[in-house]
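K.L.:
This is what each chain is made of:
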Amino acid sequence: MNRTPKILNSKVAGYSSLITFAVLLIAWLAGFSSRLFAVIRFESIIHEFDPWFNYRATAYMVQHGWYKFLNWFDERAWYPLGRIVGGTVYPGLMITSGGIHYLLHMLNIPVHIRDICVFLAPVFSGLTSISTYLLTKELWSPGAGLFAASFIAIVPGYISRSVAGSYDNEGIAIFALQFTYFLWVRSVKTGSVFWSAAAALSYFYMVSAWGGYVFIINLIPLHVFVLLLMGRYSPRLLTSYSTFYILGLLFSMQIPFVGFQPIRTSEHMAAMGVFVLLMAVATLRHLQSVLSRNEFRKLFIVGGLLAGVLVFVAVVVLTMMGVVAPWSGRFYSLWDTGYAKIHIPIIASVSEHQPTTWFSFFFDLHILVCAFPVGVWYCIKQINDERVFVVLYAISAVYFAGVMVRLMLTLTPVVCMLAGVAFSGLLDVFLQEDASKRMGSIGHSPAETDEHEESLEKKTLYDKAGKLKHRTKHDPAHDNGISSNLKSIVILAVLMILMMFAVHCTWVTSNAYSSPSIVLAFHNSQDGSRNILDDFREAYYWLSQNTADDARIMSWWDYGYQIAGMANRTTLVDNNTWNNSHIALVGKAMSSTEEKSYEIMTSLDVDYVLVIFGGVIGYSGDDINKFLWMVRIAEGEHPKDIKESDYFTDRGEFRVDAEGAPALLNCLMYKLSYYRFGDLKLDYRGPSGYDRTRNAVIGNKDFDLTYLEEAYTTEHWLVRIYRVKKPFEFNRPSLKAKERHFPPTNFISRKNLKRRKGYIRNRPTVVKGKRTLK
Amino acid sequence: MKISPVLLNLFFLTCFCAIKAKIVNKNVERSLDLSSQLVKSTIKITAEDTTGKPLKEYVLILNEPNLSYISVTDGSKNEIQARKSNGGLQYVITFGSSSAHQIILVETVSTKNIMPYPEEIKQHEIQFAKYVGLVHLYSNYETYSQKTIVKLGTSNILSHTQVKPFSTATDKLIFGPYENIKALSKQELVIHYENQTPFMTVKNLERTIEVSHWGNIAIQESIQLAHSGAKLKGSFSRYDFQKDGRSSQSAIKSYRTILPSSASGVYYRDTNGNISTSNMNSLNDFIDLELRPRFPLFGGWKTQYTIGYNVPSYEYMYSNGKKYQLKMHLIDHIYDNMAIDKAAIKIVLPEGADNIQLTTPYTINRRQNELVHTYLDTVGRPVISFSKLNLVESHIADFTLNYTFSRVSLLQEPFLVSGFIYIIFVLTIVLLRLDFSIALHSHKD
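Order-wise, the sequence lines are chains H and X. First residue of the first sequence? That's 1 in full-length UniProt numbering, and the numbers climb one at a time after it. First residue of the second sequence? That's 1 in full-length UniProt numbering, and the numbers climb one at a time after it.
Looking at chain X on its own, in the form it has when it is part of the complex:
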């Protein structure tokens, strides 16, 4: 009860500020990329405080569902601070420089906002998709001028919302420029168009990074993949599929995964063993892996597989005496324009690693540290595990893991093995030389 007056005060204060400073969007340029399964939007907002005072705070409303990634930068591409408020729907941007005139660049990626429509198609039919969004930027402030460019990647548009002025280019829709849009005005934008890009979703990704101080880092990713596009209606015909490759375009026959260039010992398998249909190209900067699932994926079909490889640890590990630092991608590329529903990452450190500190490029759900016992372990290896929902390609970034480890513990395992063998030999010698029988007997040997 004591807190409420304070809150009330704060509320009034903010209202007062908002009233006092009159912020307007002088110009808004939006570009929406709907050519894949992801909605990638870039919004350039030129905001101004009409009272002429320096603009310090700007409230950005993002009403996009399934927002996966957001980055806010200013005109010169420097990151500016944005904190979530109001349950994650609003971002309060605080500017570093004091000027009445600010440029904000917002990049967002969201998943599952382009839905296949119709939801079920036959094998030879083309996949169409429907996007539902807003014509104008949904903003707290009045907007003087606004323009939206929608990139579709196709000229086959079945229908779209017609708010004049608008124009169509070969693979684009241009809405606007619109003038003097009131604050908090909503106008729905619906676009129904052909979208033949693969709609693939990783339902679950389990990534395990196992660090060995003998110079190797083993990475294993277990992936549940589903075709989330229009479902296959009716039967699948192998004859039609083979006769004309273009007849079933919505099916996913193969896709590319990019691995680090130093990756070796790559494997691609599932519970039934090796999947013998894949190609690997080693390029200068990366390894290009062409993965073919055991069967072509049609809408609604699923598959699961495991991919793994080794990388040398000197590329990712830094040490200073007993202190070590591991710097690796938190998630890695699976396919272009990927969408991951859920990722669980585990980092297995060598036995005896201590003082573990994890720094991640974005917030994650940290889980309890575990212990795992594998080859020749006695006390078990520490495992750092965490998870995150709804990831896209923009999330490929490095985490940093600091820990301490003494080099002497490296020798523990060889000693263990040699000691074990030594004991076996000694035991054999003892058993062979001594007679343990309780009665005298004569063997015929």
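Chain H with its partners taken away, still in its complex shape:
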């Protein structure tokens, strides 16, 4: 929309809009198709864990309608507590795909909701690259915008969350994030109420889609605050921020899950504070123009002090009254990386909440992570209102990405934008010779499209040879004297780097981020054939077909969403993890002995227990490897019954073989994982009961289950399901004859040898022809 009102008469403008259009289209296509590895290798299927819940919720919404969805009380989760789904999800994702579904069905295109869910994230990646283009264009130049759009289309840091089938909030939220920032920058630039209202609307969409909206509502106030500090206050800023904040606040409170948080919790306080500050500054500015200098100074000091004290007291009082909610644990772990590990094991147990390693920066961003500081430098050198914004965005995103692997995602767009700025700046310098050709030359896509590389190479033909070394030293101001050779070498080098970037992106996408994780594939080393392990779906389908509809299944919380989504059965805990004590109870059941856990299981009405066991095929993400987290979480709630140290050997090792700790070898999880595994010989020479995941022969081989029985085990033993016996079913310990106790009765048999027949007491005597009395 925004690139259209251009001078259409000019031929150059026509070409440039054609190039823009073509590059964005190709970026969209490249981004879409590189996200399809999983669909082509496997099938159109929902991946991993959280997407299964989103899919289930979407399917529910499509089936029952929006209002039913808002009021949905899911009794199949968190048994016996249940979960109010409508009030505890960000519904943006479901509304988006439900809306698309509705639209397509209105046009008589009967696409299954699952396919919409699978392909939603790849389609939105195209929209993300367009909004990145728009944002970068606002910040720097259309050329940088095209670079940024092409980068974000294929960068692994973003693909990791938006491959086909990864149907999660982040897939659409990054688009909403970028688009909100674009509209915000637009509104700061123009000072128009229209753009800031549009930014608020886009913010509303973001709030409905992802909890990461907090990033926006802190970054934009930070931008305003820094602008104020830098003395860059303007009426434009006042208009856009006050419009955005008020509308955004009201909009965000419409989402049931968010509710009154924007005026209560600490995460949103900064926005409010900046709003008050901005108002104060605006008032002072106004007074300054009205009052005399002396009066103004008095007013400034008194008023300033008064306002400061007032705000401080208000905040303290509200916090003490409990109106303002306390700081949440996840928020603390943003600032202090050690916080979660000490206080909240359930947050720390999720691998994506771990701090990022430097390796993953390069893995996810490749060359962009090197080019990105250059972009920051360019922006700082030529600072203006909106570049302040992008610098703040860059700094905060880098910090958060360093804290949590998961937040790599918010870093990726800004890295793409600034790397785009850097590359565009570089090409500006080295392609300067023919000024008339410049317009086209900045619009290159690094994507693997041949046309573009050809067009790039055509342009490089105009250049002459030179040297690479000088590149960084160059200042755009005095580079008129660069030899053509140097230019062409630099251009070629840049092209090489970009090509390597594209290759790296494709490689990472294909190898690291395109596994659905519910279907495992491995290549047979002997004949090179591809084998598929479909054990998860096998087990879930077995549950859905061969258990009672209301059967309750106990498993570790990782599999809650999948059981609900694929098997449609009631679970005790799931990936929502809202109730820590309930999870701890399940952890306690898993880590106690069979007898004790039977008590817990009967109290929770458990019908089946599901465990993941990778010992046969060497799958490392199984329950025994996660077991210590179960123990830790259980210990947090039941420190008397469960002690983590009991599960280690004297030397502090966690081992499953004969030297393992007795508490471990007799706990329920161990027994369920290894039931009858001790008899199994994996190959002819090896010992029986050899666990391939932990490379050990298991320590406790011959045991029987008293309170449970094996109900189903999948082909590769990956998922094992046990049925909890009802109290009358299992063999209770036999009672010796002496200890048996018979209730006394006063019945004496009247049978003797003559009267062997039974008789009926008080039988009415029947005389023929007469009615019986009574």
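Hints are computed from structural coordinates only; laboratory data are not their basis. Be aware that one or more of the hints could be misleading.
Simulated crosslink set (DSSO-like; lysine-lysine; CA at most 30 Å straight-line) [to be verified]:
1) X:K112 - X:K203
2) H:K725 - X:K253
3) H:K726 - X:K233
4) X:K122 - X:K233
5) H:K671 - X:K253
6) X:K243 - H:K671
7) H:K726 - X:K231
8) X:K388 - X:K253
9) X:K182 - X:K172
10) H:K189 - H:K381
11) X:K233 - H:K681
12) X:K233 - H:K725
13) X:K122 - H:K726
14) X:K112 - X:K77
15) H:K596 - X:K233
16) X:K233 - H:K701
Take the given structure of chain H and dock chain X to it, following the hints.
P.N.:
For chain X alone, kept in the frame of chain H given last:
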């Protein structure tokens, strides 16, 4: 009230006829095949009118419950007319040729008459089944001589009714010959024997045939399958299942489905996605699909899946001007000796098909025609739907569907798409060239 004298008359008339013509079964040869889950019986009756008059009508009593299929032919395998009477329990056979001596060949297939006994077995145990039937043919007429051969497919017979003379062969029981059996005599036959064949029942089959005049017919079958044999008692052990494949013989690990040889684009999936365990062999006359359910089916276990494929329409469609004829199998093979409890068939014709006439090889429950809207439809496609209960393999036969369709309607969809794209382009052009703003403003672009 007026009708009753007429009925009464008729009744007397038939009685009179019956009394007058004395029909006897000279010889009856029965063979019962109990080697699968179905009871397949072939009865050869040589009937004679002892009065020497031409035998015109013969009343056949079939007291077999769950009778699924019956065919009545004469000695030279020509079909003869048989109509149901007395609530479906009797078949009145009318002969074409007039002779005092007639040969009737009756073939029947019935389901659910062989029951697993004991009803629950453990994983490693062998499945036994019990058949309850009759030793003699239950007939209105006196039978001079009769013999029954029961094929069991196993020599492991636990017990059977002993009515002399009888003899046992390797996998057979031979009862008879019995002589001079009175009319309407009933003697129970109980056989308890080993039956390891899969007891599978399709609880519900939904078959959709979608016809496209662009040259393709898409067939989709959604199947609810249950193991109806002896239920699994106690726990399932994967270790035992893997250690010795023969230990759990009653379980169904895989079965074969036969598809037409021209089938392409075959898929096999369920609600959780593709089931990646199946093999397809293309043979000359058909495609042999080896289907493995996600999990082995033990007694009482169920599964559901969808199978679909495309066939080219030239093999099944005939046309004459605007008139078209579709000739396809009403149901198709799912597994050998299959038993289908309920089948619902839907035929989706292209938009604009009219004057639809359906002819089926046997009676079905026709349902209301529907309209369905799929890709690029405006008025909707006509859907012919019907259902039938209790089907077996013998029901695989062609239906014929006649309808009219004008070829011009084929072009409707391409025109729709191109028109839509054209309008979008025109709209874009108009929107880009015109300025709709109400106020003058200067953009920074």
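K.L.:
So which of the earlier hints does this model not fit?
P.N.:
Of the numbered hints, all hold.
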